[in-house]
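J.: Residues per chain are reported as follows:
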Amino acid sequence: MPGKTSISLVGLVIVLLIGAACGGSPAVEKTEVSSSGSIDQNGKITLEFWYSLGGDTGKVVEALVSQFNESQSEVTVNPTYQGEYAAIMAKIWAAISSGKTPNVAQLGAAPLLGETGAIVPISDYLEPGGFDRSQVWDVFWQYNTAGGTLWSMPFNNSVPVLYYNRDLFAAAGLDPDQPPQTWDQVIEYGKQLTRDTDNNNEIDQWGINTHENTHWYLSTLFLGNGAQIVNPEGTEVLYDSPEAVQMLQLWSDLVNVEKIMPPNQHSEARADFLAGKLGMLLNSSSSIFSMERDASFKVGVAVIPAVAGREPVIPIGGGSLVILKQEDEKIQQAAWEFVRFMASEESALELATKTGYLPIYSDLLDSPEFKAYLSEHPNVKASTQSLDYAVSIPEFSALGTSDSALRGAVEQVELGEADPRQALEAAKAAVQQSIQEQPQP
Amino acid sequence: MSSLSGSRRLPQVFPELAQSRRFQKRAGSVLWYLVLLAVSLTVILPFFWMIATSFKTPPEVFSYPPSWIPQALQFGNYVDAWHSAPFARYFTNSAVVALAVTAGQLVSCCLAAFAFARMNFKGKGFMFALFLSTTMISTQVTLVPSYLIVQKLDWIDTYQGLIVPFIANAFGVFMIRQSFMTIPRDLEDAARIDGCGRLRFLATIIIPLSKPILAAQGLFAFMGNWNSYLWPLIVTNREEMRTLQIGLRYFVSQETGTPWGIYMAAAVMVTIPVIVIYFLVQKSFVEGMATTGLKG
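Protein sequence lines correspond, in order, to chains A and B.
Take 1 as the starting number for the first sequence in the working numbering and just add one per residue.
Take 1 as the starting number for the second sequence in the working numbering and just add one per residue.
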């Protein structure tokens with residue numbers, strides 16, 4: 001075994017190694033971004049397409065890709081599933097820094113990639129390609145805009161909706177055809193749904209809960225009460241306003257005063273709802289099909305409740321298509337043709353009717369195909385009705401930090417660790433710091 | 001020993017006491033078995049739950065109170081799982097990578113361990129300490145530099161990108177060196193006198209004598225690579241190069257809801273090879289753990 005001298009040497013080595021690993025983390029060099037698309041001798045183009053929709057939805061995406069491949073003979077697209085939004089975003093960042101990107105990608109928070117300089121604004125192609133923007137709901141264009149540039153093409157979009165257990169409603173003496181429309185009604189209904197079914201002084205059936213991404217539902221409350229998330233420049237978050245604090249207070253009351261929402265159990269909310277232990281659940285409209293598949297009771301879906309006396313304001317979510325920069329103009333043009341196919345009216349109809357996502361074209365709602373689909377899936381009406389109130393939260397660079405800060409605020413308030421004002425002020429401070437630390441372009 | 005001989009003498013002098021001691025001993029071992037039983041149940045429960053869920057319909061997965069035994073066995077989940085992703089390809093990839101890493105680690109670790117245990121050279125103590133110190137650096141720290149190296153070598157989406165970074169393993173060198181050091185020097189001297197070279201001595205004498213530790217190290221390497229997630233995730237982009245663990249993860253969907261029955265069916269298929277291999281080398285593995293005093 002090593003003697004004393006070599007032990008101190010070991011210490012030195014460890015310090016050196018750790019120092020090298022931490023301090024000298026290799027700066028990602030500015031590499032020429034080139035995508036992996038290729039043209040063979042016969043002029044045939046192969047494109048790499050990364051997407052982030054798994055399961056049954058992913059199969060619809062792959063079916064659309066094969067339709068594109070069969071529709072013409074010039075371009076072949078290789079689709080690869082790269083995980084959910086967070087996973088694919090990490091892979092795209094790694095790909096950009098290594099200089100080898102796919103040609104087209106479908107992912108969430110897509111316009112934020114604009115800052116990297118690795119994507120081509122979709123607006124470069126729309127008008128030259130004869131695309132009429134007015135066919136698509138304006139809110140979807142806003143959702144894909146950052147810093148005044150339209151970066152990405154709307155693809156799969158959803159809204160937060162209220163799911164409710166029709167059987168539990170009936171058992172509690174509530175009319176399953178009259179879901180709550182305001183938060184006052186949610187409290188009223190929630191009290192009737194919250195029960196101790198086995199008389200052990202512990203509540204085992206709750207009135208309402210939300211899915212894990214609590215920031216989305218809290219943002220919906222903020223906007224519905226006239227509060228704003230961020231200023232137009234994207235430099236300051238604004239949820240320390242009285243209107244916002246009031247809404248987090250409402251959230252806190254659901255847990256601590258009305259006791260109709262279990263504290264900090266959002267990760268189990270979906271399972272609780274499906275097990276019949278939860279009356280109402282706020283969740284994405286993209287889950288309508290899977291919720292109907294997994295439930296052993298009748299699922300109802302309604303437009304997310306509004307603040308009493310106000311109209312609902314509903315921030316959309318979802319993913320978009322981006323075109324990554326490539327040196328060869330031909331490949332880039334082929335990528336646009338593919339994007340155009342994926343986001344065409346026919347594809348949008350197929351995606352919507354097979355997955356539950358929203359159709360991005362306004363006139364699709366009146367098409368006979370879509371009407372037939374709605375009569376087959378009446379629950380989807382709640383998401384199309386939500387479109388009348390849909391807005392887009394402005395994309396800004398600290399959006400990810402802001403979302404997690406809001407989730408943190410919700411958790412603190414639910415556990416009674418902070419009052420709503422403190423929690424929101426702390427969240428704002430954290431986000432402001434992150435905005436300041438970001439390198440200015 | 002004294003207590004044993006004592007108790008042997010006891011029956012003549014204090015028969016009742018001897019009986020009660022025997023009873024205590026028996027009660028003690030019953031209690032011990034109860035504890036072991038409880039611990040094994042805790043270990044088995046997640047496996048059982050995985051298998052039970054793999055046969056359930058979607059509504060049954062979420063039913064409350066939970067059903068322990070599926071009402072109707074949904075073998076279709078296995079068919080769906082197998083067809084929902086190119087699992088045959090994932091299996092091949094995982095097997096190629098895990099076996100190659102295991103073989104590579106055993107070869108490289110044996111050679112290094114032999115040098116550290118049996119040879120004398122300048123700076124040996126320092127080199128060995130340097131080796132050991134690398135075990136204190138967590139993989140997360142080396143992730144980015146390793147990725148950049150692999151990427152510069154253009155090894156993204158290749159088997160060598162998945163295999164080569166794991167061929168050397170400092171912990172394996174340490175463990176095998178400790179075992180090699182227990183083999184008496186006289187054996188080596190005798191072999192050397194008979195004209196046996198170093199490599200031949202290693203291959204024909206030391207390695208056969210060290211089977212338990214090699215089996216243990218081999219199993220560590222195999223399981224570690226079979227289960228590894230982060231590295232394959234970042235160095236593979238194409239479907240054809242993905243391993244099983246990456247394939248599994250793609251069943252989980254926050255946005256549209258995870259199909260738990262199918263997901264668990266796939267998990268069962270992925271777990272089976274590791275369990276089979278574990279049972280095959282179990283005996284050597286337990287010996288190996290006993291010799292290192294380490295628990296896997």
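Incorrect hints may appear among the rest.
To be verified - Here are the simulated DSSO-like pairs of lysine-lysine, each with C-alpha atoms no more than 30 Å apart in a straight line:
#1 Lys44/A with Lys330/A
#2 Lys325/A with Lys152/B
#3 Lys152/B with Lys44/A
#4 Lys152/B with Lys330/A
#5 Lys371/A with Lys354/A
#6 Lys283/B with Lys25/B
#7 Lys25/B with Lys100/A
Don't read these hints as lab results, they were simulated from the structure.
Values in this document were obtained by computation on a predicted structure and should not be read as measured data.
J.: Confirm or reject each hint.
T.: Hints and how they fare:
A distance of roughly 10 Å separates the Cα atoms of Lys44/A and Lys330/A; the hinted pair therefore holds under the 30 Å criterion. Our distance criterion of 30 Å between C-alpha atoms is met by Lys325/A and Lys152/B, whose separation comes to about 21 Å. Distance restraint check for Lys152/B and Lys44/A: the Cα-Cα separation of roughly 28 Å lies within the 30 Å cut-off, and the hinted pair is therefore satisfied. In summary, the hint linking Lys152/B to Lys330/A is supported, as the alpha carbons are separated by about 27 Å, within the 30 Å threshold.
Distance hint between Lys371/A and Lys354/A is fulfilled; the C-alpha atoms sit about 14 Å from each other, no more than 30 Å. Restraint check for Lys283/B and Lys25/B: satisfied, since their Cα atoms lie roughly 28 Å apart, inside the 30 Å limit. With a C-alpha separation of about 69 Å, the suggested pairing of Lys25/B with Lys100/A is violated against the 30 Å cut-off.
Hint 7 from the earlier list is the only one contradicted by this structure; the remaining hints agree with it.
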